[in-house]
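Below, each chain spelled out in residue letters.
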Amino acid sequence: DTAVSQTPKYLVTQMGNDKSIKCEQNLGHDTMYWYKQDSKKFLKIMFSYNNKELIINETVPNRFSPKSPDKAHLNLHINSLELGDSAVYFCASSQVTGRADGYTFGSGTRLTVV
Amino acid sequence: GENVEQHPSTLSVQEGDSAVIKCTYSDSASNYFPWYKQELGKGPQLIIDIRSNVGEKKDQRIAVTLNKTAKHFSLHITETQPEDSAVYFCAADSWGKLQFGAGTQVVVTP
Numbered sequence: 001d002t003a004v005s006q007t008p009k010y011l012v013t014q015m016g017n018d019k020s021i022k023c024e025q026n027l028g029h030d031t032m033y034w035y036k037q038d039s040k041k042f043l044k045i046m047f048s049y050n051n052k053e054l055i056i057n058e059t060v061p062n063r064f065s066p067k068s069p070d071k072a073h074l075n076l077h078i079n080s081l082e083l084g085d086s087a088v089y090f091c092a093s094s095q096v097t098g099r100a101d102g103y104t105f106g107s108g109t110r111l112t113v114v
Numbered sequence: 001g002e003n004v005e006q007h008p009s010t011l012s013v014q015e016g017d018s019a020v021i022k023c024t025y026s027d028s029a030s031n032y033f034p035w036y037k038q039e040l041g042k043g044p045q046l047i048i049d050i051r052s053n054v055g056e057k058k059d060q061r062i063a064v065t066l067n068k069t070a071k072h073f074s075l076h077i078t079e080t081q082p083e084d085s086a087v088y089f090c091a092a093d094s095w096g097k098l099q100f101g102a103g104t105q106v107v108v109t110p
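First to last, the sequence lines map onto chains C and X.
According to my numbering, the stretch in the first sequence is residues 1 to 114, in order.
According to my numbering, the stretch in the second sequence is residues 1 to 110, in order.
Among the hints, erroneous ones may be present.
With a straight-line cut-off of 30 Å between C-alpha atoms, the simulated BS3-like cross-links for lysine-lysine are [unchecked claim]: (1) C:Lys36 - X:Lys22; (2) C:Lys41 - X:Lys57; (3) X:Lys22 - C:Lys40.
Hint data in this document are derived by calculation from the structure and do not stem from the laboratory.
If we strip away everything but chain X, and leave its shape as in the complex, we get:
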């Protein structure tokens, strides 16, 4: 089955700096890679996703890159703001079943 690894587990950045979270996956059949943001006491919310036929996708301050050959994908957040503080999860879709990474606690300090 699919195995998703995510690094780092915690990330502390100064407001205005960039944050990068990296994930690797094991199942070459996976073709959809979403990223979720989970704030305290809430459910995960989809923030951006990418399909296997695309190498990069951007939405304002967030971007995701995918390297299918190397089986890794990354989330980039630019110009971080305090409201970006949350736990971020990467995931890989294997036949409709999302396998999640272990999560990255991002703390943005003013």
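Chain C on its own, in the form it takes in the complex:
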């Protein structure tokens, strides 16, 4: 199946831990993104990468570090997790840099920090 897939789907962890979320797309898209959806369902962009290069870095704490080993993968590593990091994190990809058409989202990773 052609898709954006992210793992894990659920992640429960204690405060202070370090965790990673992985994302892969097999759509051949140039650009990948991380979005955060808070408890009120608000979707906010965090990062975007084009062909392994960081393009967008919104005001996100330094504890969040994206890594793109190749065009098809964009992982998100979070250090020293805090309660406020609890949210659903979505990976997405789009076909062409600088244009949002063809945005495809993964199914999300629900992160719960206890």
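Got chain C; can you put chain X on it based on the hints?
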């Protein structure tokens, strides 16, 4: 930067009736306006989109209208069905970065 406002936050409709969701945007440079449907436990899925050179677009029971002068766009769902129940998001593209509205929870009651 772009700011997108979406109303209403919740919408309850009887099956068969129409539903309308409205959004406004602030950046006149935005030129692409997609709508996403998010079902429980899933990621947002694109249902329809419109570009700034088009005023209206229709796909079966859903349609989107765009008024560039007033900087607002709307989603219309006709003959609503229970499977239309979901959260709907509007968005505006500003240089490849999608800014989302806050979402509308649509509930279709049989």
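Do the hints match the structure? See the list:
1. As the CA atoms of lysine 36 of chain C and lysine 22 of chain X are separated by approximately 23 Å, the hinted pair is consistent with the 30 Å bound.
2. For the hint pairing lysine 41 of chain C with lysine 57 of chain X, the CA-to-CA distance comes to about 27 Å; that is within 30 Å, so the pair holds.
3. For the hint linking lysine 22 of chain X to lysine 40 of chain C, the alpha-carbon distance of about 19 Å falls within 30 Å, and the restraint holds.
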